[in-house]
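> Line order of the protein sequences matches chains A and B.
Here the first sequence stands for residues 1 to 88, numbered as in my numbering.
Here the second sequence stands for residues 89 to 477, numbered as in my numbering.
Treat the hints as calculated values from the structure; they're not laboratory data.
Bear in mind that the values here come from a model prediction, so they are computed numbers and not experimental data.
Check the hints yourself; a few may be wrong.
Partner residues aside, some chain B positions facing chain A, computed with beta carbon under 7 Å [stated by the list, open to error]:
1) G141
2) R148
3) P187
4) L189
5) T248
6) M302
7) F325
8) E326
9) S358
10) Q365
11) A370
12) L374
13) H377
14) Q411
15) I413
With a straight-line cut-off of 35 Å between C-alpha atoms, the simulated DSBU-like cross-links for lysine-lysine are [unchecked claim]:
16) B:K430 with B:K236
17) B:K236 with A:K81
18) B:K426 with B:K205
19) B:K439 with A:K81
20) A:K69 with B:K426
21) B:K204 with A:K81
22) A:K69 with B:K430
23) B:K426 with B:K445
24) A:K69 with A:K81
25) A:K69 with B:K236
26) B:K205 with B:K445
27) B:K205 with A:K81
28) B:K236 with B:K211
29) A:K81 with B:K211
30) B:K430 with B:K116
31) B:K463 with B:K426
32) B:K445 with B:K204
33) B:K236 with B:K205
34) B:K236 with B:K463
35) B:K116 with B:K445
36) B:K211 with B:K463
37) B:K205 with B:K439
38) B:K112 with A:K81
39) B:K445 with B:K112
40) B:K236 with B:K439
Quick reminder that beta carbons are idealized off the backbone N, C-alpha and C, glycines included.
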Amino acid sequence: MCLGVPGQIIEILDPQLNTALIAVSGVRRQVNLTCVITEGVQPSALVGSWVLVHVGFAMSLIDEDEANKTLQLLAELDELKDALQPLQ
Amino acid sequence: MTPVEQKETAMQYVDEFRDPALAKSLLKQIARVAAQISRPANRPLQIMEVCGGHTHAIFRYGIEQLLPPNIELVHGPGCPVCVLPMGRVDDCIAIAEQPDLILATFGDAMRVPGSKKSLLQAKAEGCDIRIVYSPMDALELARQNPLKRVVFFGLGFETTMPSTALTLLQAEQEGLSNFYLFSNHITIIPTLRAMLEEPDMSIDGFLGPGHVSMVIGEAPYDFIASEFNRPLVISGFEPLDMLQSLLMVLQQISRGEARIENQYRRIVNSAGNDPAQRAVEAVFELREHFEWRGLGSIDHSGVRIRERFARFDAEREFALPNQSIVDPAECQCGEVLKGQLKPVNCRLFGKTCTPDKPMGALMVSSEGACAAYFKYGAPQLIATAGGEG
Ligand code: SF4
């Protein structure tokens, strides 16, 4: 519950609701971007960025290197399967 | 195994680390700084990792066995599933037993024992309990089932609190009338204060929770340094992060300093996450007190839904038993949480209390100290404790 899952934003679904589609290890899932949108910035500017997702909400922007390290950590902690399963 | 053999086996783990050379160098520095700190021989330095995610990683990577003998890691109360009191689980089951109702919960909460049963057992008995990944999934259940009441079992520290708050704001915007929240969200700061105020408090420094801090920032921890003269370093979750954070804590202690530092700057902004804080502020207010399993009632340590959102509040909608159930007398979770007892020294450990049949809170999730010891703990320790694992 503490670690979150990194995902890459691939498409903005609803710019009013701040929802987007992200991809994590090939799995796609809808997430909410409210917590990573800075005022005055269009959500579309975030397409391609990596985010750290906790329970369906992107909580922090991260770089790709950080995303890969976190995915590896989750795999080593035997948590990646658990983290991905509810996304499917 | 002798301590030397134990250490050698543990050192093999280091080769699994992303950068073994850096890990070894950090361990060397840790040993050097720890040796400079003078202590009575029977009183090791106690460093508490607050977050359950850190606890899990510490055990998974055998970090404790790599440290010099005068450092002891104390596994703190930062696993929201573990500290959920039995009375709240009972309340949740009372909600789930209502007709035409769907209870939506994170999977982690399913096995937490209530005074009579867990949610898993309630589901087996026919209650409509659905495991969701996100509170937004619970909202979707409410949209799809307009004739049923849908209750989301909100759980967690500040990491998940904003998600629940934003979901409630969305429910309000859509005018949904069949969605409810049962808030069991808790906040770690008052609990750290309560622990520090205990007269027998022996913790010398803290590793701060990475993702709670990502939301709340650095400032809420200031009192730990200014009032209680203890250092806290906000830490990432990789083994190398934790070793570096530990070194930063020890360096402060050896220099006689107490400051709040942030090792996890790549994720944690010193002011925290503003949209998340605003959502939490809009929806929640502090309760007078909240009950923690193993620690008892702690002032201002839980949040409830503000009056403005009363119609979404499961506590107002349902007549709940709302009973405080004391932990079984033999459980020693409280002493373990405060660092006064190692999990293996609890009289129930591995005997009547196991991950399959947890008696106490810390055996419930892999982020709880007892379950982590049971799964990864040094086997010889478990053997001396007479466990069956
Ligand atoms: S072994 Fe069980 S009862 Fe004892 S401290 Fe751990 S969780 Fe609590």
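> For the pair supplied as a hint, B:K205 and B:K439, confirm whether the alpha-carbon distance does not exceed 35 Å.
holds (20 Å)
> With the threshold set at 35 Å, check whether the alpha-carbon distance from B:K236 to B:K463 stays at or below it.
violated (41 Å)
> Decide if the proposed pair is consistent with the structure: B:K205 and B:K445, CA atoms, cutoff 35 Å inclusive.
With Cα atoms ~12 Å apart, B:K205 and B:K445 stay inside 35 Å; holds.
> Does the interface hint hold: is B:L374 within less than 7 Å of chain A, judged Cβ to Cβ?
Violated, about 21 Å.
> Please work out if B:K236 and B:K205 have their alpha carbons no farther apart than 35 Å.
Roughly 24 Å between the alpha carbons, so the hint for B:K236 and B:K205 holds.
> Are the Cα positions of B:K236 and B:K439 separated by 35 Å at most?
violated (43 Å)
> Keeping to a limit of 35 Å between CA atoms, is the pair of A:K69 and B:K430 held or broken?
holds (31 Å)
> Would you settle whether the hint for B:F325 is holds or violated, based on the nearest Cβ-Cβ distance to chain A being less than 7 Å?
Interface hint status for B:F325: holds (6 Å vs cutoff 7 Å).
> Per the CB criterion, is B:Q411 less than 7 Å away from chain A?
Since the shortest Cβ distance to chain A is 26 Å, the answer is violated.
> So, as I understand it, the hint says B:R148 touches chain A; can you test that by seeing if any CB pair is closer than 7 Å?
holds (5 Å)
> Is the interface hint for B:S358 satisfied, with its Cβ closer than 7 Å to some Cβ of chain A?
Violated, because the Cβ-Cβ distance from B:S358 to chain A comes to roughly 14 Å (cut-off 7 Å).
> Per the CB criterion, is B:A370 less than 7 Å away from chain A?
violated (12 Å)
Violated hints for the displayed structure, listed by number in ascending order: 3, 4, 9, 10, 11, 12, 13, 14, 15, 16, 25, 34, 35, 39 and 40.
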